[in-house]
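Protein chains: 2
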Amino acid sequence: MKKENFQMKSHWRKIDGGVCAPLGFQAASATCGLKVSGKSDIGILSIEKGANAFGVFTKNQFAAAPVIHSKNILSENIVLRGVVVNSGNANACTGRQGLDDAKAMGSYCEDLLKAPQGSFLVCSTGVIGRPLDMNKVRSGISEAVPKLNEYSGTEFAKSIMTTDTFLKEIALEVSLEAGTIRIGGCSKGAGMIHPDMATMLAFVSTDLGLEADFQDEFKELIQLSFNSITVDGDTSTNDTCLLFASASSQLHYRSLSLGDKRIFRDALFEMFTELARLIVKDGEGATRFAEIVVRGTKSTEDARKIGRYIANSKLVKTALFGGDPNWGRIICSLGTAGVLLDPENVSLTFEEIPVFNHGKPLSYDLKKLEEIFSRSEYRIFIDLAQGDCESRVWTCDLSYEYVKINAEYTT
Amino acid sequence: MKKENFQMKSHWRKIDGGVCAPLGFQAASATCGLKVSGKSDIGILSIEKGANAFGVFTKNQFAAAPVIHSKNILSENIVLRGVVVNSGNANACTGRQGLDDAKAMGSYCEDLLKAPQGSFLVCSTGVIGRPLDMNKVRSGISEAVPKLNEYSGTEFAKSIMTTDTFLKEIALEVSLEAGTIRIGGCSKGAGMIHPDMATMLAFVSTDLGLEADFQDEFKELIQLSFNSITVDGDTSTNDTCLLFASASSQLHYRSLSLGDKRIFRDALFEMFTELARLIVKDGEGATRFAEIVVRGTKSTEDARKIGRYIANSKLVKTALFGGDPNWGRIICSLGTAGVLLDPENVSLTFEEIPVFNHGKPLSYDLKKLEEIFSRSEYRIFIDLAQGDCESRVWTCDLSYEYVKINAEYTT
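Residue numbers (my numbering), protein chains in the order written: chain A, 1 to 411; chain B, 1 to 411.
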């Protein structure tokens, strides 16, 4: 797939219910005191009849204990019973004790639900470098388990929030030729108001059956959605995205027509994309959202590399914040993005206004350009004219509020 | 050279005169109206008897016209007569016209000074993407040339400033066994208050004779000094560092004893280092200066890569600004710096206080740590315990002022 092009929206509609919208999923939350705010901080997503699970995890070498534990589980078995999540403490940089705590957190959940050992994944998000208070965690799990039901998707979504300023939850009902299936999802993002917060979690559920061989397609869709966003370029120790497929719709991906497969993939991509975009829009101190489209590269990887590099430039991000159409910063950043290019073939366009064409600055209507830069959301097109690949990256600006959030809050 | 270790300071002392302190150098400046501020914006450094010149230039693929022109000159001939610099306009992203203008700027200077064609290098710094006003440039050069003299090093240093908040100029008198030589230098830095400013220029002069084969040593010293600083991770289109060696002291590097060679190299490194540190200290909105020392890596390159990556993390830089000892951000950043490591071997120390030892968080005196973080200058030590190489990077914090400078100034 050279170009990222998904347009099948007529085949689905938004519904309520979040991660519990698909058949076979139950959720619950509890408040055990890990969050200073006194908000819910334990969430359980449970699939009584089991689900095939798929996961992608942070590439940070200091992967948190729950990441290591969950990866181990998924490497041995993908038929799982659910996931237990705590917020308020990332259980990262906590050594061997942290790993024991992550295991114990899953085991405790499994015991209460009479589920097999190693059938619950574990996620944590919050402060780095502090041991998890396991008494609190156990009391939270004890409180949540008896409350599990099919209507608490939103409660689960709330329990994973740290300093997100809004809830990130979606559910889609997808009409396939073969019948109707559902996809639900929630995420928590980069509102890292506490200085040591660690970061992105996303949970997606579906009642379509997915077999182990869906793993490659899952990873490709993740690459084009969650891996296409950047708030500040820091990859946290806890980033995790999990997909659970309960098969409770009695439909299985493997048996679908090619058309139905395409529709499902597109709907799943829409789900991932929307959850990812919500994370950027709720980025720390974000006031603007920009889509950077890089075109005309020899490979998609080149386009992604450039998009990310520019999206992470402090000079570009502060210009976005200031609403200042100083396109020279984008060209300057492009020149060091690590992809060989011919400066005389490069073009740059903001929405419909070209400012730089095949290496030459153009005259343009400054007022119009300033109007685009004053929007809360706009697109930037970069064309290298050396191939036919493209990619896009979503990012936000770098504001005073970002600095305030990350500098002023003292430990 | 595995470790960067230079300690020969007793062999030199600071003197006045800047780039004109060494014998054989003349300088002058003029005000031609390229800078809106009305300050001097044309500088000429002239060596009437010629000097061997060495240069390093930006790796940005959108290298500005004067960079392309000067590189071309140096690739054909290193015996030069000087350099002409303008500030207020970077002559970058200006297409073929820009290249013609850069050439014309050098030629005009050569004609007035009756110097051979291609004997003057050209540098520009300022706004990107606007054509150079050559009438102004010519009038500035015409004004400056008759004023050339041996006492105007400081005038030259002033003329290259854009929004630097202080003058960056040093000169050293170096006592060798063979006799006395001088090294002078000035730089302009990353005070990019105008949003499109492009960036670092440094000029170093010496009256020691240096032959073409000094090029490798020159590059190595640059790598350990100018290439060890980072303000915001953006490499500008115009970055240039030039070294001119007039041989007017009648001493030649090639004929020096090994001990004298070492002393000269160390003094030159001190010059480069000091000019580089001044640039960081005058970084946009900088309130703190941090030296990040990365140790125990398998290669110096690994150490440098890690140091730069951490120094560019927005989360780390805002933490430095806030004076918040949240070391988890440094560990988190280290984990994605692109160097394979064993998390259980990693240690982190702030000045004399270890906080993380072989993968385990330590208990420490928080008050003491907060005191270190409140300093305007301190060192951070990261040890990977997988080799015996090390490197250091100098950086500054990311403050409100940085955002203000880069967002609020409108074109």
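Mixed in with the good hints, there may be bad ones.
Identical copies go unnamed one by one, so any copy, or any two together, can satisfy a pair.
Unchecked claim - Derived lysine-lysine pairs resembling DSS-like cross-links, with alpha carbons at most 27 Å apart:
1) 261 with 305
2) 136 with 360
3) 261 with 59
4) 261 with 360
5) 404 with 281
6) 147 with 305
7) 136 with 59
8) 404 with 114
9) 261 with 281
10) 360 with 114
11) 14 with 281
12) 59 with 14
13) 305 with 59
14) 14 with 71
15) 39 with 367
16) 114 with 103
17) 261 with 39
18) 103 with 360
None of these hints come from the bench; they were simulated from the model.
Hints, verified against the model:
1. 261 with 305: neither (29 Å within a copy, 43 Å between copies)
2. 136 with 360: between (62 Å within a copy, 23 Å between copies)
3. 261 with 59: Neither. Shortest intra-copy (29 Å) and inter-copy (46 Å) distances fail the 27 Å Cα cut-off.
4. 261 with 360: neither (45 Å within a copy, 47 Å between copies)
5. 404 with 281: both (18 Å within a copy, 22 Å between copies)
6. 147 with 305: neither (45 Å within a copy, 50 Å between copies)
7. 136 with 59: Answer is neither; intra-copy 29 Å and inter-copy 54 Å both fail.
8. 404 with 114: neither (46 Å within a copy, 57 Å between copies)
9. 261 with 281: neither (30 Å within a copy, 57 Å between copies)
10. 360 with 114: Neither: 68 Å inside a chain and 34 Å across chains, both beyond 27 Å.
11. 14 with 281: Within one copy, since 20 Å is at most 27 Å while 53 Å is not.
12. 59 with 14: Neither: 32 Å inside a chain and 49 Å across chains, both beyond 27 Å.
13. 305 with 59: both (16 Å within a copy, 17 Å between copies)
14. 14 with 71: neither (31 Å within a copy, 59 Å between copies)
15. 39 with 367: Classified as neither; 46 Å inside a copy, 30 Å across copies.
16. 114 with 103: Within one copy only: 16 Å inside a chain, 80 Å across chains, cut-off 27 Å.
17. 261 with 39: neither (40 Å within a copy, 67 Å between copies)
18. 103 with 360: Only across copies: residue 103 and residue 360 sit 19 Å apart there, 59 Å inside one copy, limit 27 Å.
Of the hints listed earlier, those the structure fails to meet are numbers 1, 3, 4, 6, 7, 8, 9, 10, 12, 14, 15, 17, in rising order.
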